[in-house]
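Undergrad: Given next are the chains, with one letter for each unit.
Protein chains: 2
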Amino acid sequence: MGLIAGIEAGGTKFVAALASPDGRLLDRTRIATRAPAETFAELAEWFAATARRHGPIAAFGVASFGPLDLDPASPTHGSFTTTPKPGWSGANWHEALGQFGVPVAIDTDVNGAAMGEWMAGAGRGRRTVAYTTVGTGIGTGVVTDGRPLFGASHYEMGHVRPARPALDDGWHGNCPFHGDCLEGLVSGPAIIARWGTDLSQASEAQVMLVADYLAEFAASLALMHAPDVMIFGGGVFNTPGLLEALREKTRAKLAGYAAFYDRPLDDVIVAPALGDGAGITGAIALGRSILSNPSPPAKSR
Amino acid sequence: MGLIAGIEAGGTKFVAALASPDGRLLDRTRIATRAPAETFAELAEWFAATARRHGPIAAFGVASFGPLDLDPASPTHGSFTTTPKPGWSGANWHEALGQFGVPVAIDTDVNGAAMGEWMAGAGRGRRTVAYTTVGTGIGTGVVTDGRPLFGASHYEMGHVRPARPALDDGWHGNCPFHGDCLEGLVSGPAIIARWGTDLSQASEAQVMLVADYLAEFAASLALMHAPDVMIFGGGVFNTPGLLEALREKTRAKLAGYAAFYDRPLDDVIVAPALGDGAGITGAIALGRSILSNPSPPAKSR
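Line by line, the protein sequences give chains A and B. This note's numbering applies: residue 1220 is where the first sequence begins, and numbers increase by one. This note's numbering applies: residue 1220 is where the second sequence begins, and numbers increase by one.
It is worth saying that the hints were derived from the structure and are not from the lab.
Derived Cβ-Cβ restraints for the label pairs, each shown as a range:
hint, chain 1, residue 1, chain 2, residue 2, range
1, A, 1417, B, 1511, 47 to 55 Å
2, A, 1384, B, 1306, 34 to 42 Å
3, A, 1292, B, 1220, 24 to 32 Å
4, A, 1220, B, 1457, 55 to 63 Å
5, A, 1389, B, 1254, 54 to 62 Å
6, B, 1243, A, 1272, 58 to 66 Å
7, A, 1292, B, 1511, 17 to 25 Å
8, B, 1243, A, 1248, 53 to 61 Å
9, B, 1220, A, 1494, 48 to 56 Å
10, B, 1454, A, 1511, 39 to 47 Å
11, B, 1221, A, 1494, 48 to 56 Å
12, A, 1240, B, 1398, 50 to 58 Å
Glycine residues also receive a C-beta, built at the ideal position from the N, C-alpha and C atoms.
Produce the complete structure using the sequences and hints provided.
TA: Written out as structure tokens, the structure is:
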């Protein structure tokens, strides 16, 4: 059995890694994200050189920034759609890695992180793992029984509009599409736009308001996906007390209705365990899964 | 290969059916829902007699009212949990059908209906099918690639709190747990409690307000599950114009962000095609799926 290649693709850097069939890291590198042609070329060169040292690659797993076309029936599966990142719209992962002639599994960065945390982090041993990042943007990935979930496209949970404790709480939100969706209310940039400071410098009342919006979202996530663990990371969660407030408020909002969540949520609403490592671990897990289960979203072209 | 038994279990009646391995109906009956012992006994007798005529049963599929314990790891999998229906808490489907000694797949009524519509109705040929009923209660089932989805428990989407067009629109909601969750705002009983009439007798403005709440939910469903078809049924959808208003408002709320939904949603937000038949069709599909894919939620004890 050949080796597994993993790629965590972010807007500023890519992490590339080669792993043994059982997932053990053999080598890794970082590549700055530039135009697709240059970035993909450097990536392919590194994998080709590394494979010469360690052995042939059997599959790629990619956890990528987006938005991406992940419709298994689409002729442009694996391509970037309407990203504002210059040059990247239309760039295609299958083309980028086609020279290796092996299956390529592609998913979002948040599904990749959810896979990584499920394999080796805070989601280990759990059945349904939701991973939410609250930073520059907000996104959630969900893995059930080791399968990343998606529908007609990948999820876009950061744009759900939470019910608000009081409509007139002084802020219209700054999402250019939806105003007061979650991203327009509690992403890092939204918090700075509203209060002129990041949340770690904000008042207790401000932290509690952010926790309230996030708890509306976590309650919806519980009712709509029933994860047995909800992992919350990203820069905004560096705020002391936020995770604890989120636990209490989520339980209070569910009000005893969903039996699974009617208890202290210390082991249900948790921080990531892998930190920066979740994405690349998940990418490798995606690559491994395409070999054992060659169905969407792990897909070969 | 033996025959497939299907059971659609509702609070007032059960529908039981026997089908050929390819899903063709051979016989069916109705049984009034009474105490579990009586109801289960009549059900088992009917299946035993029908199997004597048509041939042996290879698997059961059950689409049942709830709430149910559907955690695959639970020792009480397949039992009713905290239902207010007298006598039913603790009743267990595996015990009820254990005498037949065949695999039993159990799921919720809404996942059953989603399976049925995916197999033979408005979800045919689609990848991710969400089925929502808005009637006495509100619930949503989701099927992806022919697999009903669930997490630590089945979904409880009727209790999601929609963002409201104006908080002070004159009604606190009547859900005993959450007040103004979706069920507390737009279930049949909530509408009657608020306006003293069902929605088909209500004013245009009232219908539009209900459509607005439902569109907040449909937008969340699109962002959180990305179904390629969202089926809306149940008594409240007998209201003329409601489905059309829901399409327009859902698209407007998504505001072009999710490319898949940025078009007239006539083929995305639709009425059920099977009417009353979705549940029993789905139950038979669940029974068939356990034979080809004996994994959760299709589970043998």
